[in-house]
Amino acid sequence: MRSGMANFSKSNVPQFAVDVYQNEYLPEGGREVNAIVTVTATGGGTIGSAVAAPHLYSPGQGPSAAVALMVDCSGSMDYPPTKMRNARDATSAAVDTLRDGVHFTVVAGTHVAKEVYPGGGRLAVADATTRAQAKRALRGLGAGGGTAIGTWLRLADRLLSTADVAIRHGILLTDGRNEHESPEDLRAALDACAGRFTCDARGVGTDWEVKEVTGIASALLGTADIVADPAGLAADFTRMMETAMGKEVADVALRLWTPVGTTVRFVKQVAPTVEELTGRRTEAGPRAGDYPTGSWGDESRDYHVCVEVPPAGLGQEMLAARVSLVVPEPGGASGPSGAESGGGGVRNLGAQGLVRAVWTDDMAASTSINPQVAHYTGQAELAQVIQQGLDLRKAGDIDGATAKLGRAVQLAGASGNADTAKLLSKVVDVVDAAAGTVRLKAKVEEADEMTLETRSTKTVRVKK
Amino acid sequence: MSQMPQQAAVPKCPSCEEPLESGDRFCGACGYDLSVVPARPEDSPTLAVNGAVPAPDGVDWPVARDSDGHGHPAPAHAAAEVPGTDSGGSPLPPPPPAPPAAPAAGTESPAPGVRLDRPDEPDEYPLQAPDPRLTAEGAPAPVPAQPRPAGPAPAEKVCVACRAGRVDDDGYCENCGHAQPRERDHMEQESGPVAAVSDRGLRHHRNEDAFSVGCTVLPDGAPASVAIVCDGVSSATRPDDASLAASRAAGESLLGALPRGTHPQQAMHDAILAAAQAVNALADEPATAREQAPHQNAPACTLVGAVVTAGLLVVGWVGDSRVYWVPADRSAPPARLTEDDSWAAQMVAAGLMNEAEAYADERAHAITGWLGADAYELEPHTASFKPDRAGVVVVCTDGLWNYAESAQEMADAVPLDAAARPLHSARVLVGHALDGGGHDNVTVALLPFPAPPQGAGSA
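So the protein sequences, as listed, match chains A and B.
Under our numbering, the residues of the first sequence are numbered 36 to 499, in order.
Under our numbering, the residues of the second sequence are numbered 31 to 489, in order.
Same shape as in the complex, but just chain A:
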C-alpha cells in the first residue's frame, strides 16, 4: 500500500511514508478514534552527514534555496558587549555553512529592518567571494535602536520572494522584547509571512519574551530555543543552517480526509515537538482539509489525529480518516507559493495512512489504549502542565504551580523524557518523582526557567 511517489522534476526530493498506530476497536456506541500518524521522509539529501560535513552539496546540487539571517542589533545587544560580538561570529559561522549556490541575505534588526548584505533589495548567491563579503559586512555591525521584529520578518519576506527557489528559510536572533511595535503588528507580520517561508527563532540572554520567540517559530513552522550564553551561538547557528540546508521539499501539508458526519477533534504534531495544528486547517475539497507542516529534509515526525465518528453497529468497520501528504504543484506560479487555498494545484506525495474504526463487543480489544497514543497524550499533557505551572508560578500561585509542575515531573519520569526531567529539576526540588511530589525552589535562575518554558514542547518518542 505504501507507494513511492512519482519522480519530481527536482532532484533530492525525499520519499514519504505514512504509518498509522491506533487501536481501531471501539466499544458499542464508541465514537472517538485516536491515532498516531508517523510521517517519515527519506532518500533525499542526508542531514545526518551534513552534521559532520558543513559543505554537503557540491555546487549546483541540492534543492534551490534562499536564506535570510535576521540579527538583532538593538541597543541592548551591547550589554554585555560580548553579546553583539557573539552574534556577529554566529552569523559568520552560519554564512560559512551555506552551500554554494544558495541565495542569502543578512538583515540587521532594530525598530526598523536594514539590509546588511548584499543590499539593494537583492539576494546574494553563496560562493567563496560572497561569503567573504558577507562576513566583512558583519564586522561593521553595531548595536543601537529598538526592537520591532515584525519589520524584520516583512523585509526578509520581501527579499526571499525575489528568488525562484524551492526552499525559503529564515533564521532570527533576538535578545530583547518586541517593544517597538504592538503585538498586533507582529501578529499581522506573522500572518503575512506564514506559508511563504519557514523560520527558526532564537533568544539570546534572558531579557527576551519566551512566548514571542516560540510564537514566531510556531507560526513559521520552525524551531525555537534559548541560547542563554552568547558563547553558544556559533554552534547553534551552524546547526540551524545545516538543518536548513538539509531541507528538500517545502510547503508540505498533511491532508486529512474524513467521512461525512465525522468531526475532527484535533490534529497536532507531537514529535519532535508539540505543535497544535487544529486551527490551521485549510479546506481542500469535500471532507478534506490541509494542515501545514513546513519543509522537510530526511526526518520523521509524529502527529496525533483525533476524530469523532458517528457510531455504528457491532461488527461494522469504517474508515475514520485518511492521511496523505500534498505539496503545491511545481511549475505553477513562480515566486512564493503563498497560502494554498481550496486544494487546487497540489501534488499528492503518494503515501497514505488509513485510520479505521471497528466496533466490537470484545472488551479486551476496545478498552486497550494504543501505546503510541497513550505516550503522546502524556507528552502533550507534559508540555501543557509545564506551561501552566510556570504561568501560575509567575502569578504567585505557589500551590497551583506546585501541583502542575509536580504532575510534569511525574509525566516526564514515566515517559522517559530525561531532558525535560532535568530541566524541571532546576525549577523544583523533586521529593517523589513517581508520585509527582515536588517543592518549588526558592531561587531559580532566570535562564533555567526560560529554558524549561522554551523547551517544554520537546517530546521523546516511544521506547521501542
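These aren't lab readings, by the way, just hints derived from the structure by calculation.
Among the hints, a few may not be true.
Pairwise CB distance ranges (calculated) [claimed, not checked]:
hint	chain 1	residue 1	chain 2	residue 2	range
1	A	Pro406	B	Ser361	56 to 62 Å
2	B	Tyr406	A	Gly64	51 to 57 Å
3	A	Ala227	B	Pro211	33 to 39 Å
4	B	Glu435	A	Pro406	35 to 41 Å
5	A	Ser403	B	Asp200	53 to 59 Å
6	A	Glu311	B	Ala396	26 to 32 Å
7	B	Glu392	A	Thr472	52 to 58 Å
8	B	Glu435	A	Ser403	28 to 34 Å
9	A	Asp426	B	Gly467	52 to 58 Å
10	B	Glu392	A	Glu416	33 to 39 Å
11	B	Asp404	A	Asp434	51 to 57 Å
Some residues of chain A that are not near chain B, with every Cβ distance over 10 Å (derived) [said to hold, decoys possible]:
hint	residue
12	Gly296
13	Gly350
14	Arg357
Everything numeric in this text was worked out from a predicted model, so none of it was measured.
For every residue, glycine included, the Cβ atom is placed at its ideal position computed from N, Cα and C.
Based on these hints, arrange chain B on the given structure of chain A.
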C-alpha cells in the same frame, strides 16, 4: 450487548423467499440478517451468492421491465419523473436538461454502459436511475441491456451503507467511510450432493472462516464427496488468509488423491499436511497494508474435513472445529466424531473437570492444536467410520456448535430433509447460530451419507 433491532420491512426473505413475520430480525429459514435489507420490492434479489449483485441504490426506482411480448416494451420512466433523495435526505442532483426528444431518443448514440455523463455537475453523484435512453424503445442491440432493476453501473460501486458515496480502491465509502461487505462475509456453495454456507456472524467485523466442498469419483466408479472447513485463529496475523489457504489446499489435495485410489483416510491425512504447508507458507509473505496488526504472529487456523463414499465416512481435524453424525432416522443416536484440540477438551480428557465446568471456563476455547508456522507439533487426527444407516455429516466451526454443542442439540437443529436439501439445511444451521447471537463466524458443510451416485444428487 444487544444490537439495536431494525424491523424487517420485507414480506419474504430476500435470500431464500421464506415468508417472514413482522418483527423478524433474521430469516427463520436461512438466517439472513434482515436488518441490512432495505425496504424494496419483494422480487428483488439481494443476496450475494455467486457473481455480481445489483448494488442497492437507496431509491425505489420503478423497475424498468422488459417487454413482455416482442416489440412493445413497457414504458420507461425518465429519471426526473420520480423524485428521489440521497441518504442525507437532500434532493438528488437535477437531471440533465432533457433534450426535446429524450424519451424516444433512439437515434441518440448511447454511452457504453449506463453511466450518465453530466459534465456540468459535480461528479460526486453516482447515477441513481436508469438512463431512459437505454431502456426506451429502440435501444440498439450492441448495448448490453440494463441488468436487473435500476442500479448504478457495476464499475461505479455505490456504498451499501449510505447509498450516496462511491467506493474507493481501499474498499471504503468515499462519503461515509464505511467498509463495504466483502465477498467472504457470506459465502454459499453447492457441489453435487454437498453444500456449505459461511457467514461473518453478527459480532465480528470480518469472516475468518473458509470452506471448500467438492465431489469426485473413485477408481471403481463409486462417488465420493469432500468438505473442508477452516476457522482462522483471530489472535494470529491474517487469520482469514490462513483459513482460505488451508481449505483450498486440503480440498485440492483430497480431490486429487481420491480418484487415484488413495485410501480416503490416508488422503485425509495428506490433505491436512498439505493445508499445514499452505498456511506455513503465508508466514513468509509480507502483511497486507490493511492488516498491519500490532501483533505479528504467524497466520494460523483450524481444519476439519470429511470424506464420504458409498460405505465409508472419514473425518480429519486439527483444532476445535467439529464433525457431527446425524442419522436420517432420528430415533437413532447422533454422534460427535471429533475430539477438540482445546483446553476444555484436554481438561475433560485428563479428568480434571467435567464437561460443563470445562466449557464454562473462559479458557475453554483456547486451542491446543492448529495449522500454522508456530504450531508446536502438527498432529493430524483422522478417523474412519462405517455408518450402518443413512444420514448426514455436519462439518462446522465453533461459530455453529457453540449454539448446538451436544450431538443431540446439533441433530435437533439439522432439518429432517438435510440429506436431500443440503444447501437449504446449511442455511438453516447458520440461521440457528445467528439467532443464538452469531458471536463468531459461522461455517457449516453438509454431506449426505452414503454418497449418492453421480447425477442423483439433487432431489
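How the hints compare with the structure:
1. Pro406(A) x Ser361(B): 56 to 62 Å: Holds - the Cβ-Cβ distance for proline 406(A) and serine 361(B), about 59 Å, lies within 56 to 62 Å.
2. Tyr406(B) x Gly64(A): 51 to 57 Å: For glycine 64(A) against tyrosine 406(B), whose Cβ atoms are near 41 Å apart, the range 51 to 57 Å is violated.
3. Ala227(A) x Pro211(B): 33 to 39 Å: The hint (33 to 39 Å, Cβ to Cβ) is violated, given that alanine 227(A) and proline 211(B) are roughly 51 Å apart.
4. Glu435(B) x Pro406(A): 35 to 41 Å: Distance hint for glutamate 435(B), proline 406(A) holds at roughly 38 Å.
5. Ser403(A) x Asp200(B): 53 to 59 Å: violated (25 Å)
6. Glu311(A) x Ala396(B): 26 to 32 Å: This hint is violated: roughly 46 Å between Cβ atoms.
7. Glu392(B) x Thr472(A): 52 to 58 Å: violated (40 Å)
8. Glu435(B) x Ser403(A): 28 to 34 Å: Since glutamate 435(B) and serine 403(A) have Cβ atoms about 30 Å apart, the given range 28 to 34 Å holds.
9. Asp426(A) x Gly467(B): 52 to 58 Å: holds (54 Å)
10. Glu392(B) x Glu416(A): 33 to 39 Å: Between glutamate 392(B) and glutamate 416(A), where Cβ atoms are some 35 Å apart, the hint holds.
11. Asp404(B) x Asp434(A): 51 to 57 Å: holds (55 Å)
12. Gly296: About 7 Å separates glycine 296(A) from the closest Cβ of chain B, which leaves it inside 10 Å; violated.
13. Gly350: violated (5 Å)
14. Arg357: violated (8 Å)
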